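Student: Next come the chains, spelled out residue by residue.
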Amino acid sequence: MIVDVNVHLSRWPFRRLPCDELSRLAEKLHVCGVTEAWAGSFDGVFHKDLGGANARLADDCRRCRPGLLRPFGSVNPAFPDWREDLRRCHEDHRMPGIRLCPAYHGYRLDNPAFAELLTLAERRGLIVQLAARLEDPRVQHPLMRVPDVDVGPLPELLVARPRLRLVLLGALPILRGDAITRLLRAGEVYFEISMLEGVGGVANLLARVPVDRLLFGSHFPLFVLESALLKLQESELPPAQVRAITRENARRLRRARPAADSGIRHAEA
Amino acid sequence: MQSANHALTRRAMLTGGAKAAVAASLVPRCRPAIAEEEPASGNPDYVIWDVHGHLSSPGDTPGQRIANLLRYADRMGIERLIVFMGYPWAYDPSPEEVRRQNDQVLEAVEHARGRAFGFVYLNPKHTEASLAELDRCVRDGPMVGVKLWVAARCHEECLDPIVRRATELKAPVLQHTWHKITGNLPGESTAADLAILAARHPAASFIAAHTAGDWQRGIRAIRATTNVTAEICGSDPAAGMVEMAVRELGAERVMYGSDYAGRSFASQLAKVHGADVSKDAKRLIFAGNIQRMLAPIFAAKGIRP
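Heads up: the sequence lines are chains X and G, in that order. Per our numbering, residue -4 is the first one in the first sequence, and the count goes up by one each step. Per our numbering, residue 537 is the first one in the second sequence, and the count goes up by one each step.
FYI, nobody ran anything at the bench for these hints, they're computed from the structure. Bear in mind the structure is a predicted one, so any value in this text is a computation, not a measurement. Misleading hints may appear alongside valid ones.
Below, a list of computed lysine to any residue pairs in the SDA-like style, where the Cα atoms sit at most 20 Å apart [claimed, not checked]:
| hint | chain 1 | residue 1 | chain 2 | residue 2 |
| --- | --- | --- | --- | --- |
| 1 | G | K716 | X | R250 |
| 2 | G | K716 | X | W77 |
| 3 | G | K716 | X | P142 |
| 4 | G | K716 | X | Q135 |
Construct all of the structure, not just a fragment, from the sequences and the given hints.
Tutor: Structure (structure tokens):
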């Protein structure tokens, strides 16, 4: 039983992926032992009509094997009326969280609208996933070069929002120096392993990150799902750590119910 | 279909540890739904040779470093490592620095007792020194190939004497290739550069390390140059890479490497394990192709791997 917190539905615009059709994606997750996948959509990264993208995402997740896919809708605080997208994700689609792609959506983390979005997500008890990188900048399409996200403003934002649950996706290659430590000290932040590299990478990372802040993420289907699985084999980990990374941390995170102060109708999906 | 218990037992035997068996138990369930049913992890049914890696792992000596790497290789079912370049790295090393780094690799290879093979690292800007180092490490030493990095772009004529000598010694030439949209280093070769060099030396065997990183471009760049093999290491585990390489080049021209220790074995193995290609293709990619490429020099040196 594995909870994969970094899966994508719909189509990557620059090439077809072997498992970019819903049935094949679901089958691959199933045979690889993934029993729950937190799914965003590539449409939510590249489309302007995020309301439509999120509705399709929610519908696809409902149509799939029961309980396999948990939708994480996209919200772009640089777009008009983004608060309505947030409301729909939470209230209409009953999503457990949202997925943000600041670099693809064209805003920096010092944008006041981003801070407001975090505040509103915290009040609603939504998990916030933030994609720091989707693709190695060295190999991007020449007409669409997207930089890594500068996460520098995050610690201050986290300190001010102690009930916010933040999951950083694809962040490990770009967090230099003591950036991980500063984030961990600032708030409830989690990391996933899809872009973790280096021999024995998971074990090495555990010297810097408490095991309860580490999640299994594959970046599938853009990445080969087996990559994240094999990383757990490469590092010599006690069974309790494997259980924590592959499922227990994610389940605890999803079931956590921060004290709501907004009168929101629900915090669980 | 191989049972999970069977895979677990075989792997536990390979790695020799209960903890490893527990971790491995996550993976045997993962079977490609698309091509055929088989375990997708460090499968003991595949012989795996890793054709690309460095001594950039923890350790005070080359021997300690290779021992550390072999410990992880064991966990992943990797039988042999090819290793080149010592430490610290330099883009344009002097002949003395090249020699010092090759000495580190020689020490590691000796320590590995048959589990690792060395490729001699050369800077083609220094032709005479490179030829002497090639003779020292390959003709008169245990190394079995040549590694060229980023000192000079490989289509330049200064490489010709090195390639001719390597060919005489039956040593394949592994050339770093990248095509970065962010810009290459001044002496960094593209796959197209390697195709130019390879066309001048049709009797030589070349390995396009990284397949240019931007593999959709790199595969096309070497497609028509049949003495160049695509090596998949050192880029993100992008889905579809191996499928395209096999489709466009044939499985006989695709090789597994990881670029350890900077990259994990896991992410690069996954490119092959997770690919929608046949088991026979995976056998070639994991070991068959490099074994075939090295067979002439093994025979000449009397190496029985």
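Student: Now look at each hint and say whether the structure bears it out.
Tutor: Hints, one by one, checked against the model:
Our distance criterion of 20 Å between C-alpha atoms is broken by G:K716 and X:R250, whose separation comes to about 42 Å. Taking the CA atoms of G:K716 and X:W77, the gap is about 35 Å. The hint is violated against a cut of 20 Å. Straight-line distance between C-alpha atoms of G:K716 and X:P142 comes to about 14 Å, which keeps the hinted pair within the 20 Å bound. The suggested pairing of G:K716 with X:Q135 holds, with an alpha-carbon distance near 9 Å, which does not exceed 20 Å.
Consistency with the previously given hints fails for numbers 1 and 2, ordered from lowest to highest.
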